[in-house]
Each structure stands twice: as C-alpha cells, then as structure tokens.
Amino acid sequence: MKTNNKSTNSNQWLMTLLKGRTFIVLILLVIFFSIAKKNFLSATTLTMVAKHVALYGILALGMTFVIITGGIDLSVGSVVGLIGMLAGGLIQEGLTLKFAGVTLYFSVPVIVILMLVAGCVIGAINGLIVTKLNVAPFIATLGTMYICRGFASLRSGGATFSDITGYEGLGNTGFKVLGSNIANIPAGVYVFAVLAVLAVILLKKMPFGWYVLAVGGNEKSARLSGIKADKIKILVYMISGFCAAWVGMINTAQLSAAHPASGDGWEMNAIAATVLGGTSMAGGSGTILGTVVGAFVIGVINDGMTMCGVSEFWQKVIRGLVIILAVVIDQTQRNMQAKMALQARNENK
Amino acid sequence: MKSKKVLAGLMTAAMVSSMFAGAVFADETEAATEAAAEAAGELLPGGGSKIIYCITPSTSNVYFKTVQDLATSTGEELGYEVKCFSHDDDAAAQLELFEAAIADGAAAIVCDNAGADASVEAVQKAYDAGIPTFLVDREINQSGLAAAQLVADNAQGAAAIAEAWVEAMNYEGKYAELLGLETDTNCQVRSENFHSVIDEYPDLEMVAQQSANWDQTEAYSKTEAILQSNPEITGIICGNDTMACGAVQACLDAGRDDIKIIGVDGSDDAAAYIKSGNMVGTALQQIALITQTAVEEADAYLNGTAPAEEKQLIPCVAVTAENVDKLAGFVYTE
Numbered sequence: 002m003k004t005n006n007k008s009t010n011s012n013q014w015l016m017t018l019l020k021g022r023t024f025i026v027l028i029l030l031v032i033f034f035s036i037a038k039k040n041f042l043s044a045t046t047l048t049m050v051a052k053h054v055a056l057y058g059i060l061a062l063g064m065t066f067v068i069i070t071g072g073i074d075l076s077v078g079s080v081v082g083l084i085g086m087l088a089g090g091l092i093q094e095g096l097t098l099k100f101a102g103v104t105l106y107f108s109v110p111v112i113v114i115l116m117l118v119a120g121c122v123i124g125a126i127n128g129l130i131v132t133k134l135n136v137a138p139f140i141a142t143l144g145t146m147y148i149c150r151g152f153a154s155l156r157s158g159g160a161t162f163s164d165i166t167g168y169e170g171l172g173n174t175g176f177k178v179l180g181s182n183i184a185n186i187p188a189g190v191y192v193f194a195v196l197a198v199l200a201v202i203l204l205k206k207m208p209f210g211w212y213v214l215a216v217g218g219n220e221k222s223a224r225l226s227g228i229k230a231d232k233i234k235i236l237v238y239m240i241s242g243f244c245a246a247w248v249g250m251i252n253t254a255q256l257s258a259a260h261p262a263s264g265d266g267w268e269m270n271a272i273a274a275t276v277l278g279g280t281s282m283a284g285g286s287g288t289i290l291g292t293v294v295g296a297f298v299i300g301v302i303n304d305g306m307t308m309c310g311v312s313e314f315w316q317k318v319i320r321g322l323v324i325i326l327a328v329v330i331d332q333t334q335r336n337m338q339a340k341m342a343l344q345a346r347n348e349n350k
Numbered sequence: 350m351k352s353k354k355v356l357a358g359l360m361t362a363a364m365v366s367s368m369f370a371g372a373v374f375a376d377e378t379e380a381a382t383e384a385a386a387e388a389a390g391e392l393l394p395g396g397g398s399k400i401i402y403c404i405t406p407s408t409s410n411v412y413f414k415t416v417q418d419l420a421t422s423t424g425e426e427l428g429y430e431v432k433c434f435s436h437d438d439d440a441a442a443q444l445e446l447f448e449a450a451i452a453d454g455a456a457a458i459v460c461d462n463a464g465a466d467a468s469v470e471a472v473q474k475a476y477d478a479g480i481p482t483f484l485v486d487r488e489i490n491q492s493g494l495a496a497a498q499l500v501a502d503n504a505q506g507a508a509a510i511a512e513a514w515v516e517a518m519n520y521e522g523k524y525a526e527l528l529g530l531e532t533d534t535n536c537q538v539r540s541e542n543f544h545s546v547i548d549e550y551p552d553l554e555m556v557a558q559q560s561a562n563w564d565q566t567e568a569y570s571k572t573e574a575i576l577q578s579n580p581e582i583t584g585i586i587c588g589n590d591t592m593a594c595g596a597v598q599a600c601l602d603a604g605r606d607d608i609k610i611i612g613v614d615g616s617d618d619a620a621a622y623i624k625s626g627n628m629v630g631t632a633l634q635q636i637a638l639i640t641q642t643a644v645e646e647a648d649a650y651l652n653g654t655a656p657a658e659e660k661q662l663i664p665c666v667a668v669t670a671e672n673v674d675k676l677a678g679f680v681y682t683e
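Chain order of the listed sequences is A and B. Going by my numbering, the first sequence opens with residue 2, and the numbers climb by one from there. Going by my numbering, the second sequence opens with residue 350, and the numbers climb by one from there.
Derived from the structure by calculation, the hints contain no laboratory data. Think of the CB as a built atom: it goes at the ideal place given N, C-alpha and C, for glycine as much as any other residue. Do not rely on the hints blindly, as some may be mistaken.
[To be verified] Pairs of lysine to aspartate or glutamate residues, derived as EDC-like cross-links and limited to a Cα-Cα distance of at most 20 Å, are as follows: (1) 624(B) - 164(A); (2) 317(A) - 531(B); (3) 399(B) - 430(B).
[Stated by the list, open to error] Non-contacting residues of chain B with respect to chain A, defined by C-beta distances greater than 10 Å in every case (computed): (4) 397; (5) 399; (6) 452; (7) 490; (8) 535; (9) 546.
[Unchecked claim] What follows is a list of derived Cβ distance ranges for each label pair: (10) 580(B) - 36(A): 16 to 24 Å; (11) 470(B) - 175(A): 49 to 57 Å; (12) 604(B) - 219(A): 48 to 56 Å; (13) 108(A) - 601(B): 19 to 27 Å.
Throw the hints in and build the complete structure from the sequences for me.
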C-alpha cells in the first residue's frame with residue numbers, strides 16, 4: 002500500500018512537470034541562448050523578441066478560441082495582408098466614392114476601428130460558412146484564405162503602399178504609432194498584453210468561455226443543454242478575424258509599408274504556438290496562458306537562432322522537431338491523466 | 350460475381366486501348382508539326398491566331414506586373430491580342446496555362462517561368478504544337494526548345510552594385526547579408542557575385558548571413574536580431590529590394606542611419622530610399638526592356654526572322670543617388 006502511494010506521488014510530480022512543460026522549455030531555451038550569445042539576456046533583446054512574438058502571438062490568441070471549438074482558421078495570414086493593404090490604401094489614397102465624385106480621408110482612430118470591423122466581418126463570414134453552409138472549417142477558411150489574398154493584391158494591382166505616414170493637411174498622420182515604441186516598449190507588445198488579458202477573462206471568467214469549451218468538448222450535448230453552438234462558433238471566428246486585423250495594422254505600421262504578400266504562412270506560426278501551448282486540435286481544452294508561452298517559445302527559437310547565425314534550413318528543421326515533440330508530450334500527459342484518474346477511482350473503491 | 354469480373358476485364362481493356370489510341374494521336378500531331386516546322390525553314394508557325402499569351406509568376410509583385418503590362422502594350426502596338434495569366438510559381442499550373450494557350454491557337458507565348466527544370470515540359474509542349482516560346486527573366490535548363498531566353502545579367506548587376514557599395518563603405522567595416530530563398534538560383538548568383546567583388550577587400554568582414562526569403566517582414570525582424578547580436582555592422586547587402594526596404598526600416602527604427610544598404614531589382618520603393626539617402630543603391634534589372642525586346646522578337650519571328658541567339662543577357666544598371674532620377678517603374682531612361 003505504501004509503495005502504491007509513493008508511485009502516485011511521483012506520478013503527481015511528473016504531472017506537474019508535464020503541465021508546465023512549455024514554460025520549462027522556454028526557460029531552458031532562454032538559458033541556452035544566453036550562454037550561446039552573450040547579449041541575448043538583455044532588456045533590448047527581450048523587447049525585440051517580444052515585438053516579434055506579438056505579431057503571431059496575437060494571431061494565436063484568436064486561433065486558440067477557434068481551435069478549442071474544434072475548428073481551425075487558415076485565413077488569418079491572408080487577413081493580415083488584406084487589412085494591411087486596406088489600411089495603407091485608406092491613408093495613401095483615401096476612399097473614393099465614384100458616384101458622389103468625392104474622396105474621403107479618415108483619421109487614424111477611425112481607420113483603426115474600420116479595420117477591426119473589417120476583421121470581424123471576415124471572421125463572421127468564415128463562421129457563417131462553417132455553421133450555416135456546413136463546410137468543414139479547414140476547407141471554409143482555406144477558401145477565404147485565397148479570397149483575402151486575392152483581394153489584397155487587387156487593392157493595389159500588386160503594388161506596395163510605401164512610406165505610409167499620412168498627410169498633415171488631411172489630418173491622417175500618426176498611423177506609425179502602432180509600429181513604434183512607447184516608453185521603450187513596442188506598441189504591438191501593449192496590444193498583445195491587453196488582448197491576452199481580455200482573452201483570459203473571456204475564456205475563464207465569462208459564461209462565453211464555458212460555452213466555447215463545451216462546444217469543443219461535445220457539441221451535441223452542448224446543444225442539448227441549450228447552448229447556441231452556431232452563435233458561439235461564429236463568434237470565435239470573429240475573435241480570430243479581430244486579432245488578425247490588429248496584426249495587419251501593427252505589421253504595416255512597423256514596416257511603414259503595406260505589401261499584398263504580407264502575412265503569408267503566418268497562420269502556421271499561430272497554429273504552432275497554440276498547439277505548443279497545449280491546446281488540443283481535437284477541441285475542448287486549451288488555455289490562453291499556454292498559447293502565450295507557446296508563442297514565446299517559437300519567438301525565442303527564431304530570434305535566438307538568427308542571432309547565433311544558424312542557417313534558415315536548420316531553423317526550419319528545429320522548429321518542426323519542437324512542434325512534434327510538444328504534441329508527443331501532450332499525448333503522454335493525456336494518457337497519464339486518464340490512467341491516474343482510473344487509479345484514483347480504483348483506490349476509492 | 351463472375352459478370353462483375355468480366356465487366357472489370359472489359360473496362361481495363363478499353364482503358365488500355367484508349368491509352369494506345371491517345372499515344373498514336375500524339376505521335377501524328379508531333380510528326381505534322383515537325384514537318385510544318387521544317388517547311389518554314391525550321392521556324393515554328395505559331396498556333397494560327399494573333400494572340401500572344403503572357404504567363405508570369407504572381408502579379409502581387411510589381412516586377413512581374415511590369416512584365417504583363419509591357420507585354421500587353423508592346424503586343425497591342427504590333428497588332429496582337431495579349432492574354433495575361435499567373436502561374437504563382439507552380440509548374441503544374443504553368444503547364445495548364447501552356448495547354449490553354451495551345452488550345453487557343455496562340456501565336457506565341459511570352460513566359461517568366463516557374464523553375465528551370467520544372468518548366469521544360471511546358472515549353473516542349475508548346476514547341477511540339479508549333480508555338481514559339483519566348484522566356485523572359487528566368488532561364489530553363491534546356492536549349493533548343495524556346496525561341497529565345499532573355500534574362501537580366503544578375504551576375505554583372507550584383508557585381509556592379511557591390512562595387513558602389515564597397516566604395517560607400519570606404520573599403521572597410523563589418524557587414525551582414527540577407528539572402529533570398531536559398532533554393533532559388535537567383536539568390537545564389539547574386540550572393541556569389543556580391544562576394545566576388547567584396548571579398549577582394551580584406552578589411553570588409555561579413556559577420557552575419559541569414560535568409561529572409563525575399564520577404565519584407567522577415568527582413569525587418571532578422572535585421573533587428575542581427576543588429577542586436579552584431580551592433581558593430583555598418584553595412585547590409587540584400588538579395589532583393591523588398592528585403593532591403595525591410596532592412597532600411599529596421600535600421601531607422603533602431604536609430605541607425607549610418608548603415609549602408611544595397612538591394613537588387615530597381616523597384617520604386619528602393620528608388621525612394623536611395624533618394625532619401627537611406628539606401629546606397631540597387632541593381633536595376635531592366636525587366637521592361639527585356640519584355641519589350643521579347644515581344645518584338647516574337648513579332649519578328651512570326652514574320653520569318655528568328656533571333657540571332659537563343660540566350661540573351663540584358664545588362665543591369667547600377668542605380669545610386671547619382672542616377673536614381675532616371676529610374677521609374679523599372680524603366681531606365683538615359
């Protein structure tokens with residue numbers, strides 16, 4: 002009996018380790034790169050890493066909600082490109098109303114709000130295709146991914162909107178603020194932090210979060226217990242679109258330029274960060290904190306390897322290995338959890 | 350059960366025989382076009398219509414859009430209808446577009462191809478159908494199939510702008526290099542020729558070399574990381590202008606306006622940075638000139654005059670603050 006207890010104890014130890022695995026990996030990575038590259042562990046480097054992480058970290062926040070419901074949003078990378086082009090176009094060229102023969106120029110706050118609405122609308126379209134037309138999320142968002150990328154190129158005929166500073170006379174200067182530092186911290190990092198806190202509240206403290214988890218865990222029983230599953234699903238895609246719109250604007254502001262191919266493939270980084278953070282692709286479980294840590298793991302690997310001069314080819318190999326390893330550990334944890342639950346039940350008997 | 354087997358057997362037989370039939374047909378048309386080609390003094394006759402197909406990679410890049418625009422304007426001037434399509438660097442999509450051109454009876458095809466080896470099959474198909482192909486910007490790894498292959502002299506261009514950069518660096522200092530997609534031939538050619546010039550100067554030392562996959566955001570974040578690990582650098586050489594623009598923005602954000610940056614392409618965005626003094630220069634690939642020449646050669650070819658040589662190198666122009674005013678929309682006016 003005593004030995005049994007001991008093994009349960011060590012099992013619990015292992016469980017704690019496994020649960021905090023991404024965080025442990027993050028700390029190990031930081032230690033590793035600090036040794037490999039002397040100035041890695043400095044305020045400026047860490048700020049830089051956070052700035053890079055913010056871009057796909059914000060995407061990953063939205064992605065976490067979508068994946069928890071058992072869906073996926075492949076369109077986010079293209080939405081980043083499209084929103085960048087729309088914002089850049091509104092600043093450089095304004096909105097020309099042909100029938101009225103006028104060109105409207107909006108101030109920066111208005112543009113930001115318009116872009117966020119646009120992101121939500123694209124998300125809502127994704128959600129409607131998934132729920133009302135009953136298309137698998139993978140296919141639906143694959144479709145909107147191409148559509149958004151196409152519209153991004155159509156907006157300018159393929160050209161880049163460069164030097165997006167706005168015009169004093171038109172009162173639309175200041176977009177660059179989203180890409181610059183405020184009190185030595187990049188604006189994108191503030192946005193990331195605020196959105197992450199909001200996401201935690203939404204998922205943990207609000208009934209909405211329970212509905213999201215319930216829909217992902219078992220949609221049928223969620224529906225039977227009165228949760229409007231379709232509405233929840235549409236909302237999660239809108240959250241994802243909202244996040245992508247932020248990234249589109251921050252990226253454009255940082256580069257002072259909007260390029261139609263921006264954000265190509267970023268959905269994969271977002272999915273990787275989410276999965277690394279322990280969100281199950283099958284849906285029903287996941288945490289925002291995990292996703293944030295997952296995003297930092299990818300960011301530290303990217304910037305650390307670049308600073309150490311590792312070639313792009315090896316960076317890809319290592320990134321892939323880390324993702325697979327994370328999922329394997331995830332599976333082990335789930336199996337152990339199930340086993341321990343069974344053991345506990347037997348002991349109670 | 351037995352009847353099903355018989356049915357299956359019959360269907361297999363039908364399929365096999367249809368395959369043979371198809372093969373025979375193909376042989377016949379091939380023989381016909383070859384005979385036709387010989388009759389016309391080894392020139393391909395074209396597909397019969399007055400349509401030129403212009404097939405390029407993604408038009409979300411202004412560079413390739415210039416190809417389509419110039420092909421259209423030059424072609425229409427010479428009395429052709431020009432149809433433009435994109436293969437998005439997908440060889441299979443390119444093959445489909447070539448097949449569409451053949452079916453449409455195109456007079457000639459102007460193509461910025463989807464890969465040196467992967468594109469041979471498509472050009473072969475057009476050749477077999479009697480349609481001459483004029484390759485612009487990128488070559489294929491087989492000669493004798495395309496009527497002409499016109500490419501920018503990347504090697505000369507990279508070396509020329511590297512000369513200007515070395516001078517701007519005052520022949521000394523540490524620098525970083527941003528490579529394009531490392532599997533791309535252009536990336537290797539440009540990098541090799543940067544170094545053929547720069548490595549002559551022992552006081553110029555490369556301390557970081559990273560790929561940014563021709564991408565602006567990636568160039569931006571990689572430059573930030575390099576500036577963190579190697580703040581002593583005073584120059585960055587970039588495989589294209591898109592990456593150079595990302596590098597410029599990262600340097601500006603880091604308050605480093607002392608860093609000498611060059612790119613290759615000759616885009617208007619780079620020209621703007623050269624004018625503002627944030628970039629040293631770029632190597633202009635005269636893609637407008639290349640496309641114009643290709644369409645004119647196609648017209649001459651269809652009228653019975655083949656280009657003197659299949660492979661033609663069009664020189665690049667090193668654009669710096671001195672001559673940047675002559676550059677607009679990939680066109681350099683003396």
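Status of the hints after comparison with the structure:
1. Distance hint between residue 624(B) and residue 164(A) is fulfilled; the C-alpha atoms sit about 13 Å from each other, no more than 20 Å.
2. Restraint check for residue 317(A) and residue 531(B): the C-alpha separation of about 13 Å stays at or below 20 Å, so the hint holds.
3. The suggested pairing of residue 399(B) with residue 430(B) holds, with an alpha-carbon distance near 6 Å, which does not exceed 20 Å.
4. Non-interface call for residue 397(B) relative to chain A: holds, since the shortest CB-CB distance, roughly 32 Å, exceeds 10 Å.
5. In this structure residue 399(B) is separated from chain A by more than 10 Å, as the shortest Cβ-Cβ distance comes to about 26 Å.
6. Every CB of chain A lies more than 10 Å from the CB of residue 452(B), the least distance being 25 Å, so the non-interface label holds.
7. At the 10 Å boundary, the C-beta of residue 490(B) stays outside the reach of chain A, the nearest C-beta of that chain being 23 Å off.
8. Residue-level check passed: residue 535(B) sits 16 Å from the nearest beta carbon of chain A, beyond 10 Å.
9. For residue 546(B), the requirement that its beta carbon stay farther than 10 Å from each beta carbon of chain A is met, with the minimum near 23 Å.
10. A C-beta distance of roughly 20 Å is found between residue 580(B) and residue 36(A), which places it inside the suggested range of 16 to 24 Å.
11. Here the CB-CB span from residue 470(B) to residue 175(A) is close to 53 Å, well matched to the stated 49 to 57 Å.
12. A beta carbon spacing of about 55 Å between residue 604(B) and residue 219(A) agrees with the range 48 to 56 Å that was offered as a hint.
13. For the pair residue 108(A) and residue 601(B), the beta carbons lie near 25 Å from each other, so the given range of 19 to 27 Å is met.
Comparing the model with each earlier hint shows no violations; every hint is respected.
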